[in-house]
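Engineer: With my numbering applied, the sequence shown corresponds to residues 7 to 164, in that order.
The hints are simulated quantities; they were obtained by calculation from the structure and are not laboratory data. Keep in mind that a hint or two might mislead.
[Stated by the list, open to error] Label pairs and their computed distance ranges (CB to CB):
{"hint": "1", "residue 1": "G127", "residue 2": "R100", "range": "38 to 48 Å"}
{"hint": "2", "residue 1": "D86", "residue 2": "P148", "range": "17 to 27 Å"}
{"hint": "3", "residue 1": "L34", "residue 2": "R131", "range": "34 to 44 Å"}
{"hint": "4", "residue 1": "T31", "residue 2": "N77", "range": "34 to 44 Å"}
{"hint": "5", "residue 1": "E133", "residue 2": "V98", "range": "47 to 57 Å"}
{"hint": "6", "residue 1": "R128", "residue 2": "R103", "range": "39 to 49 Å"}
{"hint": "7", "residue 1": "N77", "residue 2": "Q123", "range": "11 to 21 Å"}
{"hint": "8", "residue 1": "D48", "residue 2": "R131", "range": "18 to 28 Å"}
{"hint": "9", "residue 1": "G127", "residue 2": "E162", "range": "31 to 41 Å"}
{"hint": "10", "residue 1": "L82", "residue 2": "T31", "range": "22 to 32 Å"}
[What the hints assert, rightly or not] With a Cα cut of at most 27 Å, we get these calculated DSS-like pairs of lysine-lysine:
{"hint": "11", "residue 1": "K121", "residue 2": "K55"}
{"hint": "12", "residue 1": "K55", "residue 2": "K146"}
{"hint": "13", "residue 1": "K43", "residue 2": "K55"}
{"hint": "14", "residue 1": "K121", "residue 2": "K43"}
{"hint": "15", "residue 1": "K146", "residue 2": "K43"}
Here the structure is a predicted model, which is why all the values come from computation and not from measurement. Every residue gets a Cβ at the ideal spot worked out from N, C-alpha and C, and that includes glycine.
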Amino acid sequence: EDDGVAGTPRSDGPDPSASLRTTTTVDLEDEVVSRLKEILADRGTAYQKRDPDILREIYTVDCPCLESDSNAIRELIREDYIWVGGETSIRVRRSERVSERMWTIVADFSSAALKIQTESGRTVRNEPQGSDLFQFVLAKPPGSAQWLLGRATRYEDG
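Using the sequences plus the hints, can you model the full thing?
Structural biologist: Written out as structure tokens, the structure reads:
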């Protein structure tokens with residue numbers, strides 16, 4: 007049918023390609039958020055297993071977390087300390103696709119109480135549970151099939 011403007015067909019509904027783009031973006035957003043949760047779980051595993059090699063699978067090469075977490079895990083190994091607890095979770099407030107290969111996610115980041123102890127079970131340090139607002143930057147570097155954490159920083163909302 008014609009909408010009265012010469013040569014312009016009338017549309018009886020939404021543009022199907024617009025719906026496809028939205029669905030694709032939502033699916034990608036779900037993928038990126040799920041990957042961030044997986045990254046945080048893998049980080050906890052790296053600490054609990056005292057295996058810094060796991061970190062290279064979840065962080066970009068230039069992520070400050072790679073060096074700081076690797077150093078902390080090496081300290082656990084050197085001192086014969088064990089990481090107990092400290093499970094983390096996030097509640098996403100917003101996410102934004104910055105580019106084809108980069109997303110930012112602002113989320114409430116919570117961690118359960120954590121205990122550092124010797125292999126014999128003596129407590130060295132207790133850290134209380136905590137929560138803070140963070141901005142996470144996930145990137146998919148060229149040649150990578152996975153989203154990696156490129157930066158995690160405290161975020162001031164306002």
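Engineer: Determine which of the earlier numbered hints do not hold for this structure and return their numbers in increasing order.
Structural biologist: 2, 5 and 10
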